[in-house]
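Heads up: the protein sequence lines correspond to chains V and R, in order. So for the first sequence, this note's numbering puts the first residue at 1; every next one is plus one. So for the second sequence, this note's numbering puts the first residue at 1; every next one is plus one.
Just so you know, the hints here were simulated from the structure itself, not pulled from any lab data. For every residue, glycine included, the Cβ atom is placed at its ideal position computed from N, Cα and C. Among these hints, one or two may not hold up.
[To be verified] Partner residues aside, some chain R positions facing chain V, computed with beta carbon under 7 Å: (1) Ser59; (2) Pro63; (3) Glu66; (4) Asn71; (5) Met100; (6) Arg126; (7) Ala239; (8) Thr266; (9) Gln371.
2 protein chains.
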Amino acid sequence: MKVGIIGIGHSRFGRRDDVTVQELAFEPFVEALNDAGIQRKDIDATIIGASPVYMTQRSIAGPITEYLGLNPQPVWLTEAACSSSAVALRTAYALISAGMHEIILVLGVQKMLENPTSEVLKIMGRSGDVQWEAPYGTTFANYYAMYANSHMAKYGTTSEQFAAVAVKNHHYGAMNPLAMFQKEITMETVLESRIIASPLHLFDCCANADGSAALVVVNEEKANQLSDTPIWVSGLGAASAPFSLLTRPELATLSSAVEASKIAYTQAKVHPSDIDIAEVHDCFTIAEIMAYEDLGFTERGKGGEFVEEAYIGGKIPTNIDGGLKAKGHPVGATGCSQVVGIVKQLRGEAGKSQVDGAEIGLTHNVGGHGQYCVVHIFSR
Amino acid sequence: MKVGIIGIGHSRFGRRDDVTVQELAFEPFVEALNDAGIQRKDIDATIIGASPVYMTQRSIAGPITEYLGLNPQPVWLTEAACSSSAVALRTAYALISAGMHEIILVLGVQKMLENPTSEVLKIMGRSGDVQWEAPYGTTFANYYAMYANSHMAKYGTTSEQFAAVAVKNHHYGAMNPLAMFQKEITMETVLESRIIASPLHLFDCCANADGSAALVVVNEEKANQLSDTPIWVSGLGAASAPFSLLTRPELATLSSAVEASKIAYTQAKVHPSDIDIAEVHDCFTIAEIMAYEDLGFTERGKGGEFVEEAYIGGKIPTNIDGGLKAKGHPVGATGCSQVVGIVKQLRGEAGKSQVDGAEIGLTHNVGGHGQYCVVHIFSR
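Looking at chain V on its own, in the form it has when it is part of the complex:
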C-alpha cells in the first residue's frame, strides 16, 4: 500500500497577532483542501502536530477540529517537541497503511509569539533536562552552542562556515513570500551580530515564530483517483537519543538523525547521493552542518565545507525554501512546512527556487536538541 500527499497548504510565518490558533490552522487547511480538490467532508481523520505548552487553550486538537468543521471525525495531537508534525505525518502514514482511514489531514500549527520572549525562552529551555541540567543554566541555544564548540574542536569547523549556512538560507528565504525574513544577509551580518551562546551569533539562530502548514495524506487508490501529481512517502525513519547531554558519548552529531535516516534510506531503497533536494532542521546553523554529516550527504567532519554543495546546482540543494533560519520556526508547524517545501519541488512548482528535475526529496525534522529525529523520504 502506497501513501501519497495530494494537497498542501502553508501560512505566512512570522508574527501573527492577527489570528487565533484556530484561525491560523484554517489558512493552510483551506489551501490544502483546494489544492487536493476535496471537500472537508472527505476528510476522515485529522492529526495535529503541535507543542501544547505554548498555548492558553488546552488540548488544541478539539478546538481546531470544531473550527475547521471536521466533527465528528477523530482527531488528536502528536508531540515530539520540534518534530511534532513530522510525527503527525508518520502517524497518518500508519493509519492509512493499516487501512483505518483513507484521507487524513495532517496539520502542524504553533503560535509562540503570544507569549513574552522570556516565557518562550523558558519553555524552550524546559525541553532540556530540568532536573539535572537546567539548574546549571542550560538554555536551548546553549545545547547547540555545545555542539558547535565540539564540532569546531574536533573537526576545525569555523564561525565563517556556520555563517555561510545562514547566508545561504537567507538567500533562498528572500525568494519565499511566506518566510518570516525575506532579506539576503552577508557573512558580516552574521559575524558582527551579538553572541547568543558562544560561538553562536544572533544570526546563527532561527527565530521563534507563529505559523501553520497542512498536508492531505491519502491511500494509493485515492491518490491516483484525485491527483495527477501525487507525491509518495517512500521512506520513514524515526529514532530517539538521550535527552541528557550527560549521557551522550558525542556532542558533534545527533545519533537520532543517523539512526532515523538509515531506516528511511533502507525503506525507500535509496542512498544519500540519490537525494535531489532536502529540507533539514537548521534551528541553528551548526544543526544544518551536523545534518549534512548525520544524513550521509558528506563525510563526518566535512559538514562545514558542504554548505557550498547545498545551493541549487550543488550536490544536494538544502533548505531551498529558506529553512527554519529564514522562514522562522513555529515549533509544531515546522515538520509539515518542510514537507510542503519538498512536495512543491517534486511537483516542479517551486518557481524561481525550483531544483530542475527533482525526483527524490528528504525531510529531517529534529525534536528538542536531538532526543527525537524524524526523517521522511518522498518521491514523484
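For chain V, the structure is supplied; the task is to place chain R on it using the hints.
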C-alpha cells in the same frame, strides 16, 4: 493482521510524591515487560499518552525513553486530554497493522498533584473554551454539571441515581489494591457531601491523581509466539464533537461516544449486548450514566436505572476495578488503566472482582468534556 496485548503493568494511583514522572513510568514498564516475558531491547517503539501541560519537564516522551533505557527506538507522545493514552493504543495498533513495528510499548502517565490544586483546576478548566466560555466562569466540573442538569430535566434522572454510580465504583475500588480510594461508601456519603457544581456533590467527582499504566502491544505472530493468553484488540472507534457547548445541540449525551462506539462495534462485529465487561469514563457519576446510553447498554434516558445492571451478575458489569471514581484519574494514564482492567478480566486474572467467563470487553475513554471519545473492544 491481528494486534494483541501480551503485557500489562499498573502503578498505584493516588498521591505519588515519592517518584518523578520518569520513575512513575518505570513502575508499570517493568511489570509489563515481565508480564510479557520480554526484555527492553525487544521493544521497537514507544508511544506515551499524557497531557503535557501538567509537567515542568517539557516533552516528556524523551526523558521517559531515556530513563527506561529505550534509546534509540522511536518515541512520541499522543494527546487528546483525558483520552491521551487510548489514542496511544490506537496509534500502536495502526503502526503494527501497517507492519512498521512489531512490539510497541504504550504507556500512559501523569503526575497531576505536584501542581497546587488551584493550578490543576485552572488547567482542567482550560480544556474548555477559553475564548468564549471560560470568561463566563466555566470550570471542568461545570460542564458535567450541565450534562447532569440536562439529563435530570429531560429524563427525570435523580441525584440518588448519580450517587448509586459512586457507591458501586467505590464498592469495587475497595477490592483494587492499586486504587486511590479503597473504601466502600454509602449513598449518604455522596448526598451529604458538599456541592461542587450543582447537582454534583464531591463524591460525584473523580479525584485528580498521579499514576501510570503500560501495555505491550504486538503483532499476531509475536502474540502467538510470546503469550498463551494474548488479548486481541478487535474493534477501534474514535470520534470528536464540538468542544464549545454553545454549538452542541444536546447536553445529555456525548455524540463522540455514540459515533466512536458504532465504529468499534462494527469492526469487532459485536453488539452492545455481547459485551461481558466494560470500563467507562466515569470522571463524574453522570458521565457513567451517559456512557450506558451512548454505548447502547440501555435505552436513552434509562441510564439512571442501569447502574443496578452494572454490578457483577448484572447485564454488563462496568468499572469493576473501581473506575476513575475510586481509582483516581491521572489524566494521561486513565486510558491504559482501563485496558489493564479489561485484559485482567479477559485473562481471568481479576481475583475477587473476576467476571466469570468474560470473553469480550470494552473501554470507553472520553477526552475533555466529550470533544474526544475513544472506544476499544477486546476479545480473548
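Okay, the hints, checked on the actual structure:
Taken as an interface hint, Ser59(R) checks out: its beta carbon lies about 4 Å from the nearest beta carbon of chain V, inside 7 Å. Proximity of Pro63(R) to chain V holds as hinted, the smallest CB-CB distance being about 6 Å (cut-off 7 Å). Evaluation of the Glu66(R) hint against chain V yields a held restraint, the C-beta minimum of about 5 Å falling below 7 Å. The restraint placing Asn71(R) at the interface with chain V holds, with a minimum CB-CB distance near 5 Å, inside the 7 Å limit.
Hint on Met100(R) holds. Least Cβ distance to chain V is approximately 6 Å, under the 7 Å limit. For Arg126(R), the interface hint holds, the least distance from its beta-carbon to any beta-carbon of chain V being 4 Å, beneath 7 Å. A distance limit of 7 Å between C-beta atoms decides the matter here; for Ala239(R) the minimum to chain V is near 5 Å, and the interface restraint holds. Proximity of Thr266(R) to chain V is violated relative to the hint, the smallest CB-CB distance being about 13 Å (cut-off 7 Å).
Hint on Gln371(R) holds. Least Cβ distance to chain V is approximately 3 Å, under the 7 Å limit.
Violated hint: 8 only; the structure is consistent with all others.
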